[in-house]
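Sequences and hints are given; from them, build the entire structure.
Chains as they are written, first to last, in the UniProt record's numbering: chain A, 1 to 89; chain B, 1 to 105.
Bear in mind the hints are in silico, worked out from the structure with no lab data behind them. Keep in mind it's a predicted model, so treat the numbers as computed, not measured. Where hints are given, some of them may not hold.
Coverage of chain B stretches by chain A, computed from C-beta distances (three or more under 8 Å per stretch; other residues unrestricted) [claimed, not checked]:
#1 40-49
#2 62-70
#3 76-86
Glycine included, C-beta positions come from ideal geometry on N, C-alpha and C.
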Amino acid sequence: MSQISKNDISQLDEASQVELLKFVESENAKAKLQSSIHMFTDMCFKKCVPTITTGSVSPAESTCLANCVDRFLDTNIFVVNKISKSMQK
Amino acid sequence: MAFSLFGGSDKKDSGAAPTSGDSSNVNSIKENLQAQILQEIALTNATELISKISNNCYEKCILNPGSSLSAADATCLDQCSEKYIQAWNTISRRYLARVQSESKN
Chain A
1 MSQISKNDIS QLDEASQVEL LKFVESENAK AKLQSSIHMF TDMCFKKCVP
51 TITTGSVSPA ESTCLANCVD RFLDTNIFVV NKISKSMQK
Chain B
1 MAFSLFGGSD KKDSGAAPTS GDSSNVNSIK ENLQAQILQE IALTNATELI
51 SKISNNCYEK CILNPGSSLS AADATCLDQC SEKYIQAWNT ISRRYLARVQ
101 SESKN
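Structural data, given as structure tokens:
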């Protein structure tokens with residue numbers, strides 16, 4: 001498959017360029033979410049799956065994984081609030 | 001689903017006549033670019049997943065690296081990979097649900 005070239009983009013009319021820009025923005029937003037999911041899975045797998053004895057996640061591990069994400073996000077919100085309060089003083 | 005918030009309306013026809021080139025050519029360039037972008041993203045995602053699974057499952061399964069990969073090691077790696085992918089899906093669902101509920105508030 002050919003690489004993206006400047007020439008290709010300059011051949012597009014303005015409406016297509018705008019559409020392409022929106023496409024890139026939305027794909028970028030999705031990629032950011034994916035990247036967070038990779039980070040959370042890495043972090044929570046380490047915390048919640050201590051041993052490998054079967055090929056599937058147990059109910060207890062599954063609960064732990066869900067709590068792990070939720071509490072991480074709570075932690076993040078907590079820290080944001082705390083820092084923004086201290087900056088208002 | 002949150003994913004199709006912006007991407008879903010690709011097909012809309014703005015009605016504006018292209019200012020240069022014929023419209024089928026412009027469309028094929030555009031679609032080609034979009035396909036390349038999607039392919040790049042899929043590749044990055046797969047690479048990231050492979051790297052994370054390798055690190056985590058090596059850590060859990062290969063406690064004493066021997067002169068070859070034992071059958072027990074292979075079984076563990078197989079199960080660990082399955083578990084990791086399941087964990088990825090669980091976390092993905094949970095995180096996206098949370099993102100959606102937070103954005104409503």
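Fill in: Hint numbers contradicted by this structure
Hint 2 is the one this structure does not satisfy, whereas the remaining hints hold.
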